[in-house]
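**Q** Read off the chains here:
There are 2 protein chains.
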Amino acid sequence: MNKRILLASRPEGLPKEENWTLDTQEIPSVGEGEILIRNHYVSLDPAMRIWITNVKSYLPPVGIDEVMRAGTVGEVIESKNESHPVGSFVSGWGGVQQYTLSDGKTMYSVDPKLAPLPTYIGSLGMPGMTAYFGILQEGQIKEGETVLVSGGAGAVGSIVGQIAKIKGCKVVGIAGGPEKCQYMKNLGFDEVIDYKNEHVYKAIRKTCPKGVDVYFDNVGGEILDFALANIRMHARVIICGAISQYNTNDIYGPKNYLNLLNKRAIMKGMLVLDYAKDYRKAAMEMGQWMMQGKLKTKEDIYEGIENFNETFLRLFSGQKKGKLVLKVIE
Amino acid sequence: MNKRILLASRPEGLPKEENWTLDTQEIPSVGEGEILIRNHYVSLDPAMRIWITNVKSYLPPVGIDEVMRAGTVGEVIESKNESHPVGSFVSGWGGVQQYTLSDGKTMYSVDPKLAPLPTYIGSLGMPGMTAYFGILQEGQIKEGETVLVSGGAGAVGSIVGQIAKIKGCKVVGIAGGPEKCQYMKNLGFDEVIDYKNEHVYKAIRKTCPKGVDVYFDNVGGEILDFALANIRMHARVIICGAISQYNTNDIYGPKNYLNLLNKRAIMKGMLVLDYAKDYRKAAMEMGQWMMQGKLKTKEDIYEGIENFNETFLRLFSGQKKGKLVLKVIE
Numbered sequence: 001m002n003k004r005i006l007l008a009s010r011p012e013g014l015p016k017e018e019n020w021t022l023d024t025q026e027i028p029s030v031g032e033g034e035i036l037i038r039n040h041y042v043s044l045d046p047a048m049r050i051w052i053t054n055v056k057s058y059l060p061p062v063g064i065d066e067v068m069r070a071g072t073v074g075e076v077i078e079s080k081n082e083s084h085p086v087g088s089f090v091s092g093w094g095g096v097q098q099y100t101l102s103d104g105k106t107m108y109s110v111d112p113k114l115a116p117l118p119t120y121i122g123s124l125g126m127p128g129m130t131a132y133f134g135i136l137q138e139g140q141i142k143e144g145e146t147v148l149v150s151g152g153a154g155a156v157g158s159i160v161g162q163i164a165k166i167k168g169c170k171v172v173g174i175a176g177g178p179e180k181c182q183y184m185k186n187l188g189f190d191e192v193i194d195y196k197n198e199h200v201y202k203a204i205r206k207t208c209p210k211g212v213d214v215y216f217d218n219v220g221g222e223i224l225d226f227a228l229a230n231i232r233m234h235a236r237v238i239i240c241g242a243i244s245q246y247n248t249n250d251i252y253g254p255k256n257y258l259n260l261l262n263k264r265a266i267m268k269g270m271l272v273l274d275y276a277k278d279y280r281k282a283a284m285e286m287g288q289w290m291m292q293g294k295l296k297t298k299e300d301i302y303e304g305i306e307n308f309n310e311t312f313l314r315l316f317s318g319q320k321k322g323k324l325v326l327k328v329i330e
Numbered sequence: 001m002n003k004r005i006l007l008a009s010r011p012e013g014l015p016k017e018e019n020w021t022l023d024t025q026e027i028p029s030v031g032e033g034e035i036l037i038r039n040h041y042v043s044l045d046p047a048m049r050i051w052i053t054n055v056k057s058y059l060p061p062v063g064i065d066e067v068m069r070a071g072t073v074g075e076v077i078e079s080k081n082e083s084h085p086v087g088s089f090v091s092g093w094g095g096v097q098q099y100t101l102s103d104g105k106t107m108y109s110v111d112p113k114l115a116p117l118p119t120y121i122g123s124l125g126m127p128g129m130t131a132y133f134g135i136l137q138e139g140q141i142k143e144g145e146t147v148l149v150s151g152g153a154g155a156v157g158s159i160v161g162q163i164a165k166i167k168g169c170k171v172v173g174i175a176g177g178p179e180k181c182q183y184m185k186n187l188g189f190d191e192v193i194d195y196k197n198e199h200v201y202k203a204i205r206k207t208c209p210k211g212v213d214v215y216f217d218n219v220g221g222e223i224l225d226f227a228l229a230n231i232r233m234h235a236r237v238i239i240c241g242a243i244s245q246y247n248t249n250d251i252y253g254p255k256n257y258l259n260l261l262n263k264r265a266i267m268k269g270m271l272v273l274d275y276a277k278d279y280r281k282a283a284m285e286m287g288q289w290m291m292q293g294k295l296k297t298k299e300d301i302y303e304g305i306e307n308f309n310e311t312f313l314r315l316f317s318g319q320k321k322g323k324l325v326l327k328v329i330e
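Residue numbers (this note's numbering), protein chains in the order written: chain A, 1 to 330; chain B, 1 to 330.
One chain only, chain A, in its complex shape (with noise of 0.2 Å):
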């Protein structure tokens, strides 16, 4: 049998259990040019708290007793598709469920020798292809330049600001409490604030004392503002997400924008599904940064489908290190 995780109904703010059902069926059988894919690793992302809502983001919401959309990486163990045989292993939006039937097109093979399974939803997945593109093509960093980035622990945050400074940046993160403090200065990163304990904008001030080159944005809110009062002149703010924002109606919206005016600065939007031309050249790039031991790369894996709800939270709570991972293979 297929377990599987349908939207019940949408959220207000947080979502709860009685948001999702936790359906079975019977597992699907094949079709011609299909692949079924049994799921071992379901990635958990802020992004999906958007998807959620009955806006159309860049994407379609997720509809109602759909299944909810994830990223996964799981094992080919029934195929109608030469190009993805049993036995091998795919990584794309199979949901989060138990198996996935594919036409196969927008699956992408992975090797699980190369490196372990959830590194292709973490690291060589979507967000560190996020954090690769969003700080080299839209940061356009130059050696020497200072980058803060807001969620410097977490999954996309944690390698841009690691990216960064492979490239010879100064590099300041922001996270909320010591724990994860630490593990920002463990990566290497020059400088760390801790929101949870620090008053950001005399932090920001204080270890950016020339300014703010880039600012790389996972969070929103007040942060945000507190990077574009203290932007250096041609500064690039990079708005990647706001995970402050996702769960009110009420956003906050940036009151320092006109900052961008005094530093002749640019604000833009990035989104990683435009560079997927581009993935495999970057995800090359990043092995060999891993493999040189540049760049580290930890993920938190909770187990079964049916924590589904309590462990996405975590996203919110910040009670996770590193890339959230849900296993649903049993």
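Just so you know, the hints here were simulated from the structure itself, not pulled from any lab data.
Be aware that one or more of the hints could be misleading.
If several chains are the same, the list does not tell them apart, and a pair holds so long as it fits within one copy or across any two.
To be verified - Here are the simulated DSSO-like cross-link-like pairs (lysine-lysine), alpha carbons at most 30 Å apart as the crow flies:
(1) Lys3 with Lys206
(2) Lys255 with Lys3
(3) Lys321 with Lys16
(4) Lys142 with Lys56
(5) Lys281 with Lys16
(6) Lys196 with Lys165
(7) Lys277 with Lys202
(8) Lys206 with Lys56
(9) Lys56 with Lys210
(10) Lys170 with Lys105
(11) Lys56 with Lys170
(12) Lys277 with Lys210
(13) Lys170 with Lys281
(14) Lys202 with Lys56
(15) Lys268 with Lys202
(16) Lys268 with Lys167
(17) Lys255 with Lys268
(18) Lys206 with Lys185
(19) Lys210 with Lys113
(20) Lys185 with Lys105
(21) Lys298 with Lys170
(22) Lys255 with Lys210
(23) Lys255 with Lys202
(24) Lys202 with Lys105
(25) Lys142 with Lys113
(26) Lys281 with Lys298
Given chain A's structure and the hints, the job is docking chain B onto it.
**A** Only chain B this time, still in chain A's reference frame:
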């Protein structure tokens, strides 16, 4: 005697008479290399409200008891500087005063035979240059795109819209009241939105059914949010000013900034001072458009340096038609 306006104190909210001193001094005498200018016209611009706060923006604040900073155009009446002979006309930062002593280095020669003097602080001065570089260099408009401009009947916005028309764009202007909307129509704007009598969000949706490619913002506040809600993929949002926010300390931050992510769009600040080296080229092109009847401008001229504050306030009440100018010559 030289009548001049000094900043007496920094205003809270709208500037009052008491925030200014109408001072009278001896007409200064000319030293080696210097010129004495008899100012005819003073430019009144929204940015002046920023310069009298105590916050460093892109220029230092005007100091207490200093002459109020402003653009001017006037005649050289004494000269010990070969670049600017007696009888020639110059434009520059002469300040709100009847006579300016200058070393001439930051004064531009202008020719009253080619265009009426007020034009040199209007469409051929800072507002015109702001519009030109803002919409062409920063906006990077392409034929067939939809351009939305707020403050569309103002000194900058009216020129932005007309240049966008010249370049083959569809132009939608926002302004307050039927008279200003009629003015925008007379200038050739395709559609106009009266923010005092229409629901701006709905009006943008109706007039820009494909979405907004370039939004040129002079006003900030809710109108910026309504525009952000209607941007198209890869839109450019040019932050030129935010006149609705200059007399308050409680700045309205744009809540819809996350649409930059959905639409992979850019919000950028621009400042005309960065383009100084290209002013001459721009003025030539704008002058040609004016002679060809493609670019129309209007100055609203008030008289008397004594009426500085009440005239200045017309910027914020909207009680003016076109570029606001104060005639200070007696």
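**Q** Would you mind marking each hint as holding or not holding in the structure?
**A** Each hint tested on the structure:
Proximity of Lys3 and Lys206 under a CA criterion of 30 Å is satisfied in neither setting, with 51 Å inside one chain copy and 46 Å between copies. When the C-alpha separation of Lys255 and Lys3 is checked against a cutoff of 30 Å, the pair qualifies neither within a copy, at 45 Å, nor between copies, at 39 Å. With identical chains, the CA atoms of Lys321 and Lys16 are at most 30 Å apart within one copy only, with a shortest distance of 22 Å there and 56 Å across copies. For the identical chains of this complex, Lys142 and Lys56 are inter-copy neighbours only, at 27 Å across copies versus 35 Å inside a copy, given an alpha-carbon limit of 30 Å.
In this assembly of identical chains, Lys281 and Lys16 lie within 30 Å of each other by CA distance neither inside one copy nor across copies; the values are 39 Å within and 62 Å between. Proximity of Lys196 to Lys165 under the C-alpha cut-off of 30 Å is restricted to the intra-copy arrangement: shortest distance 25 Å within a copy versus 51 Å between copies. For the homomeric pair Lys277 and Lys202, neither the shortest alpha-carbon distance inside one copy (41 Å) nor that between copies (37 Å) is at most 30 Å. Within a single copy, Lys206 and Lys56 get their C-alpha atoms only as close as 40 Å, which misses the 30 Å cut-off; across copies the closest is 19 Å, which meets it.
In this assembly of identical chains, the alpha carbons of Lys56 and Lys210 lie at most 30 Å apart only when taken from different copies (16 Å versus 39 Å within one copy). For a Cα distance limit of 30 Å, the shortest separation of Lys170 from Lys105 qualifies neither inside one copy, at 41 Å, nor across copies, at 40 Å. In this assembly of identical chains, the alpha carbons of Lys56 and Lys170 lie at most 30 Å apart only when taken from different copies (26 Å versus 37 Å within one copy). In the homo-oligomer, the alpha carbons of Lys277 and Lys210 lie at most 30 Å apart only across protomers (27 Å), although the nearest pairing inside one protomer, at 36 Å, exceeds that limit.
For the identical chains of this complex, Lys170 and Lys281 are intra-copy neighbours only, at 25 Å inside a copy versus 40 Å across copies, given an alpha-carbon limit of 30 Å. In this assembly of identical chains, the alpha carbons of Lys202 and Lys56 lie at most 30 Å apart only when taken from different copies (18 Å versus 37 Å within one copy). For a Cα distance limit of 30 Å, the shortest separation of Lys268 from Lys202 qualifies both inside one copy, at 25 Å, and across copies, at 25 Å. In the homo-oligomer, the alpha carbons of Lys268 and Lys167 lie at most 30 Å apart both inside one protomer (21 Å) and across protomers (25 Å), since each shortest distance falls under that limit.
When the C-alpha separation of Lys255 and Lys268 is checked against a cutoff of 30 Å, the pair qualifies both within a copy, at 16 Å, and between copies, at 15 Å. Taking identical chains as interchangeable, the C-alpha atoms of Lys206 and Lys185 lie at most 30 Å apart only when both belong to the same chain, with a minimum of 17 Å there against 52 Å between chains. Taking CA atoms no more than 30 Å apart as the test, Lys210 paired with Lys113 passes in neither setting, with 45 Å inside one copy and 48 Å between copies. When the C-alpha separation of Lys185 and Lys105 is checked against a cutoff of 30 Å, the pair qualifies neither within a copy, at 40 Å, nor between copies, at 52 Å.
With identical chains, the CA atoms of Lys298 and Lys170 are at most 30 Å apart within one copy only, with a shortest distance of 22 Å there and 50 Å across copies. Taking CA atoms no more than 30 Å apart as the test, Lys255 paired with Lys210 passes in both settings, with 22 Å inside one copy and 28 Å between copies. For a Cα distance limit of 30 Å, the shortest separation of Lys255 from Lys202 qualifies both inside one copy, at 17 Å, and across copies, at 24 Å. Taking the closest pair of Cα atoms, Lys202 and Lys105 never come within 30 Å of each other, the shortest separation being 50 Å inside a single copy and 40 Å across copies.
Taking identical chains as interchangeable, the C-alpha atoms of Lys142 and Lys113 are never at most 30 Å apart, the minima being 34 Å within one chain and 49 Å between chains. Taking the shortest alpha-carbon separations for Lys281 and Lys298, only the intra-copy value of 22 Å comes in at or below 30 Å, while the best inter-copy value is 56 Å.
Of the numbered hints stated above, those contradicted by the structure are hints 1, 2, 5, 7, 10, 19, 20, 24, 25, listed in ascending order.
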